[in-house]
Structures are given as structure tokens and as C-alpha cells.
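Number of protein chains: 2
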Amino acid sequence: MNLKALAKKLQLSQTTVSRALNGYPEVSEATRRRVEEAAREHNYRPNSRAKGLATGRAMVIGHVIPASTQHEMVNPVFGDFVAGASRAYATFGYDMMFTRVDDGDEEQVYHALVAKGSVDGVILQGPRVNDARIPLLNRIGLPFIVHGRSSGIEESYDWVDVNNKRSFQRATKFLIDLGHRRIALINGLEQMDFAHRRREGYVEALKSAGIEPNPALMRSAEMTEVYGHHETRAMLKMEDPPTAILAASMISAIGVRRAIDEAGLTLARDVSVITHDDDLSYLRNGSDVPIFTATRSSVQHAGEILSRMLIEKIEQPDAPNQNHMLEAELVVGRSTGPAPETRR
Amino acid sequence: MNLKALAKKLQLSQTTVSRALNGYPEVSEATRRRVEEAAREHNYRPNSRAKGLATGRAMVIGHVIPASTQHEMVNPVFGDFVAGASRAYATFGYDMMFTRVDDGDEEQVYHALVAKGSVDGVILQGPRVNDARIPLLNRIGLPFIVHGRSSGIEESYDWVDVNNKRSFQRATKFLIDLGHRRIALINGLEQMDFAHRRREGYVEALKSAGIEPNPALMRSAEMTEVYGHHETRAMLKMEDPPTAILAASMISAIGVRRAIDEAGLTLARDVSVITHDDDLSYLRNGSDVPIFTATRSSVQHAGEILSRMLIEKIEQPDAPNQNHMLEAELVVGRSTGPAPETRR
DNA sequence: CTCATCTCTCAAAGCGCTTTGGTAATTATT
DNA sequence: AATAATTACCAAAGCGCTTTGAGAGATGAG
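Read top to bottom, the protein sequences are chains L and Y.
Position one of the first sequence corresponds to residue 2 (the working numbering), numbered consecutively onward.
Position one of the second sequence corresponds to residue 2 (the working numbering), numbered consecutively onward.
Hints in this document: simulated from the structure, not taken from any laboratory.
As the structure is a computational prediction, the values presented were derived from the model and not from experiment.
Just to be clear, a hint being listed does not mean it is correct.
Said to hold, decoys possible - Partial pick of chain L residues on the chain Y-facing surface, computed with a CB cut under 10 angstroms: (1) R46; (2) K52; (3) G53; (4) V61; (5) P77; (6) F99; (7) E223; (8) S250; (9) D262; (10) L268; (11) P318.
Ideal Cβ placement from N, Cα and C applies to all residues, glycine included.
Could you put the whole structure together from the sequences, leaning on the hints where they help?
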């Protein structure tokens, strides 16, 4: 069932039917109702490609996802982020499209996306320090919003980010106040901007307390469970093991806890742990009292804000850039306690 | 840059340029090279909507994702599945599109998808027992492949599934052979077909060993960490607590372990645990020796098979339906041991 | 040399929609 | 009553591509 057939059935022109369905005023109410009724009855829906061709709008938002190195897609954070974003898309009638990109092809992919006209805008996920995609997208002129920021990029762009530096600064200070001196950081990949900023916060807090940051206590990799376990295990075997650990995600924190258990130590009593908590649906930080003391910020919520901003941007491309800083809350759970030395 | 402009620049007709770029034989090699060169130089890519309109093919594969009850999207399994699928899509030039659907609207959404012509086929995720979507899609005639099966649906359809019944039967038998008698099942939602089958396997194994299944030891919900923790904690407080637990996913198994730890018990020695392991990138079951004894089957691999099958199906809609059964392997880790009673 | 056969190219139609630039018919204004 | 304005509709063009059907020129066969 297409517009032509529907128009014929109604003894009306395509123009009138199209206008009736798209809410134009120059159609009588009686006709509009007739048309709407018939459309419903015949299950008519405008072909999206034809509509897109005619309007120049795809009603699709793109997510370009690096395939090999960063594995953005398999990071459980991805699902919650997308779930949040999809809420806004659904509300405003957009679909979302994912394009997988192998490293190095990104420029190609963005060019293709705009040339093929398959999306109206994109969300830039997992920005790295000095991320070349930002100037690229500004140059191409495809509307985009960055989830995070990119240190080193001077030009203006829209972003939504968590105050990563501040939250890790606070978390570190919290541990210092508990008497900890040897505090480890099990970070994400440090080319990722968020990880970079978290380290800054961590280092700054140490320095303000007169503690010299120790490179042996700073690890960086993809935030898997196995990684959290592996690094913790290694550090607990050191001559002077850390008494507290900052983890970059719930998942690596779970690995951290496993290593602590295996070493025969007790969480909070022997080793304190603070993690960043993206408030993932399948990995909630406990139910009543949090499992881990954590810096918490819902990534699902971020996804929703981001996608709304993108839709606005698409509809008003010339509006000034917007930035949105989210503050993480520091929730106290059962994974932190005074430094062991203090008690002796 | 569009076809018309490119043709003018080359002093050729649109027909010839189009044919040259699409590999038709009736274009001289010299012309083809000229055209390809110019296309590259001007960064020309056919507009996907126009192409789709003309060919009737969208080159897009749809994933329709239930929003509220099942939270398919926020289940970390989702990311790995999609990552696997996207590999095949990228290879064959398809994009993937996600449509979020609120419960109850599914029929609407599928109808809309085919009416709007926005996808060439869909992947049906998370089939439930007696899932109405299968007859619906068969009726509509939209190519689809099911990730899993649906007990109770008699008609034929394409699917890829893990032999869930068999794998949970084996896991249960493994525990029985270790002397366990009170074996709990912390399952997924039992309207989900996979969970249903897993329970069948579990129950059957118990019965063959002459053990009467105990409803108090069978729990069912979404497979979050908190849920695994909560149910385990409750069961360990029972008068006759289980000595072994079967968990439905790594994530709930992590919750199970947490509850065991909190109860002051030791994994494997006091309580054995077997989990199903989807081989998620961020939640690998340990590195050398598995953390958990597990039934393992890579969901990423399943995604890849499934998407290949769908692409084939789209290209040959009349081919007979294909089914693909994957066997999970039972890997022995450090979470299982003889039943405590045996040692006494 | 003529007719048939290839080889290469093209003009134009069509995919299903929106939108421009109308025109009748009705109502309001002078 | 004549003119202007408004209302309700329509034919046709255009979005950027593919594909049909045809034709010009070159080559081969008889």
C-alpha cells in the first residue's frame, strides 16, 4: 500500500493525502479524518526511503563504533548508554543505526555516512585524548555530540561529560582521609579521555596531600574483570602493597575483589576499594547498602541527555554549541575503611 | 556530489556511470577506470536512500529490542552478540538498525518496519516460550532468523540456538556425580525459551538420579548480579541449604559468589557453583584456569552465524529454513568440588 | 558489399514520497 | 454586484538512483 494507491482509493490526489497525513492546515477536517481512517485501515506507512529522498532527512541517528582496539560494543556500558539514547530516539521518531568501523577507517566511514546520506547526525562515543574525529566532523559539517570530551582539542563542539577529574579527586581524597597512603589506580586505557582525566584527579589529590604518585601503583588497560583481577593480584604481591585501590568500572572492581579474596584478605578491612559505577542495570552496586564505595553517574541518563541534544542540534544546526557537565556522586559502601596501619 | 553531477563532469550519461560503478559488463574497461577514478577523487558515494528506492533493497538489518520488561539492550550479552553480528554485516555491506519497542507494540513495529521498507530482514532476539513474533513474521513475510528457539511453536523457521537443555543436564549430572543432592537453579526469566529449556535439562538430570526436584531451590528472574546475590543469600539461610548452585549467567554467578563469601563460606569447598558462560569479552571466565566451572558457548560467535544466515536468507528468500544447533562445552573451573557431606 | 552481431553508450521511465505553483469554488469586503 | 480573500484541492516537478529499451558504431560472416 503506497501513497498513490491510497489516494486512488480515496479519490483524492497524492498531494492532499500527503498533506492530510502530515498535518498541513490546508486540508479540511472532514477530509483529514477520512484519510487518516483509510491509512489506518490499510496499514499505510510512508516508505521511509522515499520520504527521506524527498525531505532530505533520514530520521536516523548514527553510532559509529570502533571494532578492534576499543571494543566499545562489548563493553557493558554500551548497552546501558544505548538504552538511554534509544528512549529519546523513540520519542522523537528517530531510528538508530550502528556502523562498525575498523581502526583507521574512521575518516572514510564518516565521509561515507554523510555522502550516502544515511544519517542526520552521529554520536561520538569513547573520545580519546586529542581525538581527530572532532575536527573531522566539524569540517564535514555532520551534526554530532560527543559523549565525553577530548583533552587537547581547542575548537568548540557539543558534549556531555561526567566530571571525571573531580570525582576521582574526591574519591582519592576520601581514601587519604581514611589514612591510606599507598593508593593504586586501576584505570581504563589512558588514551581514552575519561581515563586521562581520572588520573589527573587522582594525581592531584595525592599531591595536595603531599604523597608522591607511584607509577608502580598506576595501571591502565581495557576495563575487564580479568584485568582488574590480574593487576590487583600483581600489586598485592609487591613488597609494599597498596592498602586502597581505585577501579575504573564495576567490572574491573569485581576482578579486584576476586583478587583480594583469593589473597586471603578482606575487603575494606585489609584493602579498601572505590570504583566508578556507571549504574548499569545488570551490575547494580548492590541493593540497599552499596557493595562498593563508588563515584556514581548513570550512563543511561547520559545517553538520554546526549540524544536529546543531538536531535535538537539536527533540528537547529546553527544553534551555539552546548556543553553539559554531570557531577558524579560519591556513595559510601562497604568496600572502604581506615588504612590498616592506622589501626595497629 | 551526486550521480548527475559526476556524469556531467565525465561527459557520460548517468546510466553509464551507474553501470561502471556497479560492475556491469557492458562498460568498456577504459571507461570504467575513468569513472572509478573520478568517483574516488570527488568522494562520490551513491545516496543510500535513492539507491534503496530504486532497488527496493535497504541494505539494512533490523534488531527490534523490547524496552521495558526484558531489557535486552542492557544485558551485557547484547553487546557481544551485536559485535559478532556486526562483523558479518560489515563484510557484506549491511548496516544495522535498532528499533526500541515498548511491550505490546511489537506487532505494530514489525508491520511498520516492513511497510516503511527500512530493513531487509530482522534478527529475533530473546524468543520466549510460544513466541507470537514467529508466526507474525512468517505471516508478514519479512526474512528473519531467531536467536534461540520457541517451545510450542510448530511452524518452521530459521534459528541458531545453543543446546541449553543438554548443557544444563550435563552440568547438573556433573554436580550429582560429585555427590551433590541439594542443587539449586538460579535461572533466567522462565518465559524466556532458553531458561525454560535449561530448567528441563536440570529437572531431567535430577530425576534420572532419583532426586525429586525441589521448587524452593528453583528461582527465576532477570539475570542481574543483585538477583544472583539475593537468591543465593536467601537459600543459604534455609534449613537445608543447597550444596551446589547452577547459575544462568556469569553476572548472576558473580552475585552468587558474593553471597557465598558474605556467608563466610568457601566456593567449591562449601558450595559448588556452575554457571553458563556466554564468553563475554568484558567478563571472561578467568584467564588460565576458569573461575567457574561452566557451560560455555560464545554468544559473539552465535551472532556471527546468525547474521550470515540472515544475509543468505535475504538474498535467497525461498531457500528452505536452516537450523543450527550449537553445543556448549563443559569447562571445569575452581568453583566445584565434592559435596560437603561426602567428606564428613 | 550487405546483413548480422557485438560492443558501448544513452534517453527516459520509474521507485514513493514532498512541495511548488497553481485553479476552482466559496466566503468576505467594498 | 463586482472584487478580493480564503478555502480546499490538484497536476506536475523533483529528490538521486537503477533499469529498460534502443541506437550508433565497429566488427565479422557470407
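(request) Hints the structure violates: just list their numbers, smallest first. (result) 11
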